[in-house]
Amino acid sequence: AQSVTQLGSHVSVSEGALVLLRCNYSSSVPPYLFWYVQYPNQGLQLLLKYTSAATLVKGINGFEAEFKKSETSFHLTKPSAHMSDAAEYFCAVISPGGSEKLVFGKGTKLTVNP
Amino acid sequence: KAGVTQTPRYLIKTRGQQVTLSCSPISGHRSVSWYQQTPGQGLQFLFEYFSETQRNKGNFPGRFSGRQFSNSRSEMNVSTLELGDSALYLCASSVGNRETEAFFGQGTRLTVV
Numbered sequence: 195a196q197s198v199t200q201l202g203s204h205v206s207v208s209e210g211a212l213v214l215l216r217c218n219y220s221s222s223v224p225p226y227l228f229w230y231v232q233y234p235n236q237g238l239q240l241l242l243k244y245t246s247a248a249t250l251v252k253g254i255n256g257f258e259a260e261f262k263k264s265e266t267s268f269h270l271t272k273p274s275a276h277m278s279d280a281a282e283y284f285c286a287v288i289s290p291g292g293s294e295k296l297v298f299g300k301g302t303k304l305t306v307n308p
Numbered sequence: 007k008a009g010v011t012q013t014p015r016y017l018i019k020t021r022g023q024q025v026t027l028s029c030s031p032i033s034g035h036r037s038v039s040w041y042q043q044t045p046g047q048g049l050q051f052l053f054e055y056f057s058e059t060q061r062n063k064g065n066f067p068g069r070f071s072g073r074q075f076s077n078s079r080s081e082m083n084v085s086t087l088e089l090g091d092s093a094l095y096l097c098a099s100s101v102g103n104r105e106t107e108a109f110f111g112q113g114t115r116l117t118v119v
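So the sequences go chain by chain: A and B.
Each number in the working numbering comes from the position in the first sequence (counting from 1) with 194 added on.
Each number in the working numbering comes from the position in the second sequence (counting from 1) with 6 added on.
Among these hints, one or two may not hold up.
[Unchecked claim] On the chain A side, residues computed to face chain B include the following (Cβ under 7 angstroms): (1) V223; (2) L242; (3) K243; (4) Y244; (5) T271; (6) I288; (7) K295; (8) F298; (9) K300.
These aren't lab readings, by the way, just hints derived from the structure by calculation.
The beta carbon of each residue, even a glycine, is placed where N, CA and C say it ideally should be.
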């Protein structure tokens, strides 16, 4: 069964600092991977996705993630945090050959300090 | 292009009652999935409908059911509500291909008292 582990339920950074949110997956085959962001009382918005093309994926709002098969990781980064980046971030996986369902990590709440 | 619309946004129900939530997907999308989000369990998959057929189902009791209409709109029903059913219920629509992203609605916040 697939699973996703997000290390750190809370991450705090200063405005302008590097953002690094960690995601590791467990899957028998290389899955499709997604990062979503959720603002308070809102649904989820896709930041970026990996579907077996380029391993470095660029998304919206300056975020990017790198798929590393050897480490089974898909960490999300942004060079310089902005106050508007404060939100909860979810990593999700879907198996190319299995069920359509997204399996989500528990989420990481990002706080950006002025 | 209109996004995914979920109604109502907020609901308060009493234990033992039943509730129906509605989701209108993006035009042209044939897949609708439902997720339950709680602080303790996070985001959990309920079920997915594609072209009016349930294609996948999560590990929820039979009190949770759904359906999809010919226009792709979907409804989710929860019968005999329990306090633990209090959650944000999110609907996601997609074209139905695993490579393409799911677009989420703003959710329905259900509170069971």
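What hint numbers does the structure not satisfy? 1, 2, 4 and 5
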